[in-house]
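Taken in order, these protein sequences are the chains called W and S. Heads up, the first sequence is in the numbering used here, so the first residue is 1 and it goes up one at a time. Heads up, the second sequence is in the numbering used here, so the first residue is 1 and it goes up one at a time.
Derived by calculation from the structure, the hints in this document are not laboratory data. These numbers come from a predicted model, not from an experiment. Worth double-checking, as some hints may not be accurate.
Unchecked claim - The calculated lysine-lysine pairs, modelled on DSSO-like cross-linking and capped at a C-alpha distance of 27 Å, are:
#1 W:K149 x W:K116
#2 S:K116 x W:K401
#3 W:K72 x W:K27
#4 W:K236 x W:K27
#5 S:K72 x W:K236
#6 W:K236 x W:K401
The chain contents come next:
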Amino acid sequence: MFNTVLIANRGEIACRIIRTAQRLGIKSIALYCHEDRLARHVAMADIAVEIDGPSPAAAYLDAAGLISIAQKYGADCIHPGYGFLSENADFAEACQQAGIAFIGPDAAAIRLMGDKVRSREFAIACGVPVSRAVSHDGDMHNFVAEAGKLGFPLLIKASAGGGGKGMSIVRDAGELAARAGIAASEAQRYFGSGRIYAERYIERPRHIEVQVFGDGEGNAIHLGERECSIQRRFQKIVEEAPAANLEEGLRQRICAAAVDLVKAARYRNAGTVEFILSPGGDFFFLEMNTRLQVEHPVTEMIYGLDLVELQFRIAAGQGIGIRQQDLRPTGHAIEVRICAEDPENDFAPAIGLIGLLAEPPSELARFDSGLSQGQAITPAFDSMLAKLIAHDNSRAATIDKLLQALQQTAILGLDTNLDYLARIVDHAAFLQGDLHTGFLADHSGALLRDAWPADLERAAAIAAVLGDNGFRLAAFGISDFHASLGHWRN
Amino acid sequence: MPEILRHGDHILAVELTGRRNGLQMRINDVPAMVSVDADGENGPIRLAVNGVVYAGWRYRQGGECFLRLNGKTLRLRQEALGGNAEDEGGDRDSISAVMPGMVVSIACSEGQELLKGQTIITIESMKMQTAIIAPRNGIVDCIHVAEQAVFEKGAVLVSLRPEAT
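Could you put the whole structure together from the sequences, leaning on the hints where they help?
Pasting the structure below:
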């Protein structure tokens, strides 16, 4: 096993990695830019090194600088977390060349999966379903014949288009030729080019992804699927494992497709294969992420495994160490991402101070964060503040626990989506597991904040004035907080 | 003299009317019997209003009060900033800005006599206008800002002539 890990990241994921490193007896080196000097990962690590760059984020992206820090402090491995340099093939290569283990796949796998065209071709070659497209090559008769083979419904789009012009949904073969003709003439009219293409149209798609691990020798396992259909601004905010209401045979086919891909790529370490799932049960390869995902905790909860530990072990040459047939998931886990943003204002990112932080009781939920009270949230980094993960025997019980945990969590001093997350998880369609990537848009009306109950507002006003020294003086005859308690505590 | 709070579009005027067996208050003329169990300055808070329990956390910053009560987050702004001057390190002789902003209008002139609670200046911060009121009776000594001027947190906006001691 390794001796010292440099964590090329910050925030909650840096803390997450340090926790496992501590348990495995691996010393940790944290990096921080000036803005992060008071952050929790800095305090948790054995060694913390300040880094500098043209911007705070750029400091964490300085590949050469990070490798020289690793060398200076004797790190024998680098964990990139997610984001930043985690999917940078050149960085993985540079680590290898410097004799430092990169906790992740080799550079070739990162390059293959990072190239959307090549990775799709690779998936097709592996027999993994990929949503195909057919282009109009000038011969309308040919186009109609080829597009019809894709299956219905179809979406016809202008190659040069945008904004819905020249776009048409075709539901059966009988209307394909006519719709294609209209789309081509519209495309010509709006964009000066009659070129169109067709692809399968998936209504109410679900985002299903499979957690995989490979040993680099062609052996691989999966740790089941996660559903990440609840998204805003194309970013996931609620994830769960297993996916709700997913038929067992289909689940197995999706997981098998992911494992086929990983074995064929002779992939090493953790990865996630993402699919789009149609309501009819067709699924298509979207992309593969060659790193640990933000939402990995839901998989950890149902399998009782530490995925970061698995990553360390595989990188240290110990192999996967787990057989597929021995893996038994239990119960259901759901994660919500607490972000500094204003859901009532198109999810605009918010900045401010973490003036008060109250974590939920650990028996209700796991709270992964890199927050400390008094910390400033600046526009320099991502708006995600923390992840709250609940686990129980059933999906319904997990939702109950999650709602209780949300209620017992407070992050005050700036706008967050805490209340919004509770409304999502408490929505009837969510409870039923009726999920798709348009969920938040479809239910946007119901997810808006209700009018404030007048009694709550009055109680809030009272609570607010009770914090005011002048008011305390009038009410209690004394403005000191601690002294006044004696008079009023029962 | 009620404390004025703003919550979104709602104005809440809170007045203490009695302090016998708990507190008696009026919020926008609705009477409330209040008892307080936990009351950390920035921390857990628990109170009963007309027999209903509200529990959660409170955090005050500048002229704002963040609350998480019974699982809901509320953000209230203190409209009458005068009562807040001491909290912000100001004193009774100078009125300073609790947050960065811009001067919208000035409602007094140097040498003018003021009554406690009188609006002396209107500022705009975070897209919201706030009236800054006199923390005590007194005479305007100096107005340190002009209309449309931008100021930082902590900037002294208006000074009053020192009180006779």
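Against the structure, the hints come out as follows:
1. W:K149 x W:K116: Roughly 23 Å separates the two Cα atoms, so the pair holds.
2. S:K116 x W:K401: violated (50 Å)
3. W:K72 x W:K27: Distance ~14 Å between W:K72 and W:K27 Cα, so the pair holds.
4. W:K236 x W:K27: violated (32 Å)
5. S:K72 x W:K236: Roughly 23 Å separates the two Cα atoms, so the pair holds.
6. W:K236 x W:K401: Satisfied, since the Cα-Cα distance of roughly 21 Å is no more than 27 Å.
The structure does not agree with the numbered hints 2 and 4 stated previously, though it agrees with the rest.
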